[in-house]
Amino acid sequence: MLLLAPQGNAGAASGDEPPRFEVAAPVTGAPLAFVVYGDTRFSRREKVVNAPARRALVGRIARENPAAILIGGDLVYEGTDPDDYATYQSETL
Numbered sequence: 019m020l021l022l023a024p025q026g027n028a029g030a031a032s033g034d035e036p037p038r039f040e041v042a043a044p045v046t047g048a049p050l051a052f053v054v055y056g057d058t059r060f061s062r063r064e065k066v067v068n069a070p071a072r073r074a075l076v077g078r079i080a081r082e083n084p085a086a087i088l089i090g091g092d093l094v095y096e097g098t099d100p101d102d103y104a105t106y107q108s109e110t111l
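Under this note's numbering, the final residue of the sequence shown carries the number 111; numbering is consecutive throughout.
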């Protein structure tokens with residue numbers, strides 16, 4: 019797994035430039051592959067889930083073997099509900 023390290027003003031005050039992240043290319047010389055995925059929301063208030071679709075997506079991501087996965091957004095609908103995290107784990111492991 020590729021680790022991203024902030025460069026420059028990572029803790030900059032508001033109004034300053036946002037932090038930048040720089041990564042080195044893989045040692046093998048292969049192209050740098052990564053996945054950007056957001057607002058997965060593995061559960062909803064109505065308890066409607068689509069496990070087959072999400073498992074297929076997780077499987078596809080695994081086959082791509084990305085150096086990094088960037089998640090921007092919610093993993094679960096309600097962060098204080100342990101059942102939501104259980105659903106997330108059951109659909110991603």
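Treat the hints loosely; a few may be bogus.
[Stated by the list, open to error] Here are the simulated distance ranges between beta carbons:
| # | residue 1 | residue 2 | range |
| --- | --- | --- | --- |
| 1 | T46 | D99 | 37 to 43 Å |
| 2 | L50 | P100 | 33 to 39 Å |
| 3 | E40 | S108 | 19 to 25 Å |
| 4 | P37 | T110 | 25 to 31 Å |
| 5 | V45 | A69 | 34 to 40 Å |
Simulated from the structure, these hints should not be mistaken for laboratory data.
Every residue gets a Cβ at the ideal spot worked out from N, C-alpha and C, and that includes glycine.
Hint-by-hint comparison with the structure:
1. T46 / D99: 37 to 43 Å: holds, 41 Å
2. L50 / P100: 33 to 39 Å: The hint (33 to 39 Å, Cβ to Cβ) holds, given that L50 and P100 are roughly 36 Å apart.
3. E40 / S108: 19 to 25 Å: violated, 36 Å
4. P37 / T110: 25 to 31 Å: Distance hint for P37, T110 holds at roughly 28 Å.
5. V45 / A69: 34 to 40 Å: Holds, at about 36 Å.
Hint compliance for this structure: hint 3 is the single one not met.
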